[in-house]
Amino acid sequence: ETVMTQSPATLSVSPGDRATLSCRASESVGSKLAWYLQKPGQAPRLLIYGASTRATGIPARFSGYGSGTEFTLTISSLQSEDFAVYYCQQYNNWPYTFGQGTKLEIK
Amino acid sequence: QVQLVESGGGLVKPGGSLRLSCAASGFTFSDYFMSWIRQAPGKGLEWISYISNSGFTIYYADSVKGRFTISRDNAKNSLSLQMNSLRAEDTAVYYCARVGDGYNSIDYWGQGTLVTVSS
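Respectively, the protein sequence lines represent chains A and B. At the far end of the first sequence sits residue 128, using my numbering, and the numbering has no gaps. At the far end of the second sequence sits residue 854, using my numbering, and the numbering has no gaps.
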C-alpha cells in the first residue's frame with residue numbers, strides 16, 4: 022500500500038498570505054495525485070487532480086505541483102473560506118490512499 | 736446538477752449487517768465509475784470500495800474485503816454497499832462518490848450517512 026504523508030499537520034497563516042502544503046508518497050505515483058479541501062460537517066471537495074490540474078470551478082489561487090513522490094499545494098492570498106483541512110490522495114495503484122490531512126488555520 | 740444521496744445508515748450491533756444505498760441524479764450514471772469512501776469520527780478518509788461503470792471491475796480495501804459488497808443498478812441509477820459482520824472500527828460517515836472521468840479521484844461526493852457499530 023502506498024502511504025501518503027502530509028506536512029505540516031497544522032499550518033497557521035494570516036488571511037491574504039500564501040500557504041504551501043506538502044504531500045509525500047512512499048513510492049512513486051507519477052502524476053496521479055489529487056488534493057481535496059474539507060470543511061467541518063461537509064464532504065470533501067476536489068481541488069486538484071493530475072497533480073496540477075484545477076478541478077471545475079476552482080479559483081486560480083490554488084495551484085498544485087510535483088510528480089513522483091513529492092507534491093505541493095499552494096494557496097496564494099488566502100481567503101476566509103480557504104481555512105479547512107486539506108487531503109492529498111494517490112490513485113496510481115489500489116488501494117487508493119489519502120494523507121492524514123493538513124489543517125489550515127487562521128493565524 | 737450532480738446529486739448523490741445516501742441512505743441506510745444507523746446504529747447496529749457488532750456482528751450485525753447494514754445496507755447503504757445511494758441515489759444518483761444529474762448525470763448519466765452508467766458512464767461513471769463509483770465508490771464508497773468512509774471517515775471515522777475525527778479521522779481521515781479511507782477509500783473502501785470501487786466499482787466500474789459496468790460493474791465488472793470491483794476493488795475492496797483489505798479492511799472490508801470479505802465483509803462488504805459493492806453493487807450498482809444502472810437502470811435505477813443506484814449504488815449500494817452491503818455491510819456484514821460489522822465491527823466497532825467500521826463506525827464512520829460513509830460517502831457515496833463519483834469517480835472522475837479519466838482520473839481516479841472523486842469529483843462529486845454525497846453528503847454522507849453515519850454508521851455506528853456499538854452494543
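Because the hints were derived from the structure by calculation, they are not lab data. Hints are supplied without guarantee of correctness; some may be wrong.
Claimed, not checked - Cut-off 25 Å, straight-line C-alpha distance, at most; resulting in silico cross-link-like pairs (DSS-like, lysine-lysine):
1) B:Lys778 to B:Lys800
2) A:Lys128 to B:Lys778
3) B:Lys748 to A:Lys124
4) B:Lys748 to B:Lys800
5) A:Lys60 to B:Lys778
6) A:Lys60 to A:Lys124
Do the hints match the structure? See the list:
no., hint, result
1, B:Lys778 to B:Lys800, "holds (21 Å)"
2, A:Lys128 to B:Lys778, "holds (23 Å)"
3, B:Lys748 to A:Lys124, "violated (33 Å)"
4, B:Lys748 to B:Lys800, "holds (19 Å)"
5, A:Lys60 to B:Lys778, "holds (13 Å)"
6, A:Lys60 to A:Lys124, "holds (10 Å)"
Of the numbered hints stated above, the single one contradicted by the structure is hint 3.
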